[in-house]
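Note that the protein sequences, when read in sequence, are chains D and A. Quick note on numbering: the numbering used here labels position 199 of the first sequence as 199, and the sequence is numbered without any gaps. Quick note on numbering: the numbering used here labels position 145 of the second sequence as 145, and the sequence is numbered without any gaps.
Note that these hints are calculated values from the structure, not bench results. The reader is advised that the hints may include incorrect statements.
What the hints assert, rightly or not - Label-pair distances were calculated between CB atoms; the ranges are:
id, chain 1, residue 1, chain 2, residue 2, range
1, D, 18, A, 52, 45 to 51 Å
2, D, 45, A, 217, 31 to 37 Å
3, A, 222, D, 273, 57 to 63 Å
4, D, 83, A, 37, 36 to 42 Å
5, A, 222, D, 238, 43 to 49 Å
6, D, 19, A, 236, 26 to 32 Å
7, D, 213, A, 72, 25 to 31 Å
8, A, 70, D, 176, 57 to 63 Å
9, A, 107, D, 83, 34 to 40 Å
10, A, 45, D, 224, 38 to 44 Å
Said to hold, decoys possible - Cross-link-like lysine to aspartate or glutamate pairs, in silico, DMTMM-like; alpha carbons within 25 Å at most:
id, chain 1, residue 1, chain 2, residue 2
11, A, 385, A, 113
12, D, 258, A, 422
13, D, 258, A, 113
14, A, 407, A, 205
15, A, 322, D, 45
C-beta atoms are modelled at their ideal positions from N, C-alpha and C, and glycine is treated no differently.
Given next are the chains, with one letter for each unit.
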Amino acid sequence: MKKRQLAGWMFAGPALIAIAVFFVVPVAAALLMSLTDFDIYALADLRNLRFVGLDNYTALLANALFWQALWNTVIFVVLGVPLSIAASLGTALLLHSKFTRWQGFFRTALFAPVVTTLVAVAVVWRYLFHTRYGLLNHALGAFGVSPIDWLGDPAWAMPAIVVLSVWKNFGYNMVILLAALQAIPEDLYEAARLDGARRWALLRHITLPGLAPMLLVVGILTMAGHFQLFAEPYVMTQGGPAQRTVTVLYLMYEEGFKWWSLGSASAVAFILFVIMFAITLLQLHVSRRAGTT
Amino acid sequence: MAAESARPDMPWTRRAWLGAAGAATLGAAGCARADGRLRFWAMGREGEVLAELLRDFERERPDIRVQVEQLPWSAAHEKLLTAFAGDATPDLAQMGNTWLPEMVALGALEPLDALVSGADGGSGGTSIDAQDYFGGIWDTNLIDGRLYGVPWYVDTRLLFYRRDLLTRAGFEAPPQDWPQWLQMMQGIKRVVGPDKFAVLLPLNEYDPLVALSLQQGEPLLRDGGRYGNFRGAGFRRTLDFYLSLYQQRLAPPASSNEIANVWNEFARGYFSFYITGPWNIGEFRRRLPAELQGAWATAPLPGPAGPGASIAGGSSLALFAKSRRKQDAWALVSYLSRPAVQQRFRELTGNLPPRRAAWEDAALKADVHSQAFRDQLERVRAVPKVPEWERIATELRVVLEQVIHGKLRAAETPSEMDRRADLILAKRRWMLDRTSTRRAAA
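The following block holds chain D by itself, in its conformation from the complex (with noise of 0.2 Å):
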């Protein structure tokens, strides 16, 4: 018993070294780096690092500028998960359909997105917000809506950025639901045909059972990469207009990157790791709960 123990934890044990030395280490030195005032004049000079205790902490949850990324942040996991997942699930929908033709074309053209430097992307969107010659406002204004500023007015700011990143990303998940569509059943669908079933019976009864527990794989895969919104607003918008850009991950890395507060950054770092964190537990709590019924 004792050998076989042994080989257990020789097996495992590259994968725990390797997890300690990339994981734990730095993990539990950021958490120690978060209760200091860690920063330029201590990266000059060792004494001139405090322990700050919870300072960090209290010094966040003071600034308005944290609970305004915090909030923008939430506007942006709120409208762009939705719509995101909405997206994907609907064209992968229609890709699986067998009266789509030239699949493979469509499958690579809304596939492109994704493979496409964002860089390259955003220099493109900027001109398709323009206020006066953007696409997006010339097509508003053939229904008669006059012109918005997407990416100077505060409140439409962030909204632009989420058309921006659904149009990005939809296409990733597009492709993980379209091979679990693709792993339904064919006979299922044929007994429910055969039993009187319609097309919107067809879907809600055994697609989307069918595809629940992937749906909730990428429920939690894309939640987690929105609650990290960085790259967009960094190339598009630097955060502002009037910080309505600034997310928690782009706080963190102006505090810690660009300021060298890395002490405040890390505290950054662990309340978005806590609130992810919790968020995903709530998420598989009420799908298991969902499960159950």
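Keeping the supplied structure of chain D fixed, place chain A upon it in accordance with the hints.
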């Protein structure tokens, strides 16, 4: 490699800290030590053209081989800091002059006073004459009275304007002071109509506001950089003037992200005045349509009463304290500071030289657009020389944007700016107080 050569006075825990921040990988990039070669870090375009300039230097000094490492501007600041943390600083580097206070706070740079005065024997005849440099530019390299860099090229902000639209509004010459400037902007606004503007002051840039604030002759930070001085009468005057330009709809309440292409908009007459830097001379020539090439001009920045000051920006050459080859590095700095070499450098990059002798160049004298810069350079001032300045300036911009978007009342602006600056300077105050008590104890 660099990891083994840790100084005894630098505990290895610092490296552990940085490793935790994930910065160690960046620092390790500096491990590639050139054997016997002088390591010189340069940024962007300057890094590209250096090979051309160094050919002659290496012919003159065959005993020195130089290895230029190019850094992109966007990563340069981070790279310098991580190089310092990882003990991998080069022998010398190009450095934005506003970065000097930070690098000096780190103790990364070598004071150059002795080298410049030539008191330090072996330099072999220096060509650096402090009096020949524009005073404001030279001053940016002096921190607490000591010299840490030699200006390499200059960068300041002044007016680029549409001469044709100014003429249509009834004015022949560019403005000398704020009242004239305001009058001209109002005149232009009448000509171009309500959909267009007179001046572009992008909400995502702090330089125009800082330039106009430096004109007041009051320091922007008080008590040796311990507190913000934005409640001072001088700054208030600038702020009132600046805000009035948005209130009168002379400036669009927009960031440059929304403008998308400033050159197209300038060509369309969306705005007629633009406060920007020397790199835009080349951009305007390249990007504006041919029929507009005679219609734009540059002018020194108008001040509250008569020609005003602007920002003393640019890059300096600095030596690192850890370098073992300071004499060689200094020889290279001296070479690059020669007026003839600076003229060649300007031809290659378009960068404007920091010393008056280099402006005696026929090509530069014939360049009308650069001449306004020559004039402005006699009136440039350094931004506050504290490591926190860029962060404070960014906060000024953020507060200003809130006022423009109506989220903060104009009357509360100066105290809000002071509040934010004081918060950022808290650690600096603690440091300064600690050093002074320690000195008192000793």
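Results of checking the hints against the structure:
no.: 1; hint: 18/D x 52/A: 45 to 51 Å; result: holds, 48 Å
no.: 2; hint: 45/D x 217/A: 31 to 37 Å; result: holds, 35 Å
no.: 3; hint: 222/A x 273/D: 57 to 63 Å; result: violated, 40 Å
no.: 4; hint: 83/D x 37/A: 36 to 42 Å; result: violated, 55 Å
no.: 5; hint: 222/A x 238/D: 43 to 49 Å; result: violated, 30 Å
no.: 6; hint: 19/D x 236/A: 26 to 32 Å; result: violated, 57 Å
no.: 7; hint: 213/D x 72/A: 25 to 31 Å; result: violated, 45 Å
no.: 8; hint: 70/A x 176/D: 57 to 63 Å; result: violated, 41 Å
no.: 9; hint: 107/A x 83/D: 34 to 40 Å; result: violated, 51 Å
no.: 10; hint: 45/A x 224/D: 38 to 44 Å; result: holds, 40 Å
no.: 11; hint: 385/A x 113/A; result: holds, 18 Å
no.: 12; hint: 258/D x 422/A; result: holds, 19 Å
no.: 13; hint: 258/D x 113/A; result: violated, 31 Å
no.: 14; hint: 407/A x 205/A; result: holds, 19 Å
no.: 15; hint: 322/A x 45/D; result: holds, 15 Å
Checked against the numbered hints given earlier, this structure breaks hints 3, 4, 5, 6, 7, 8, 9 and 13; the rest are met.
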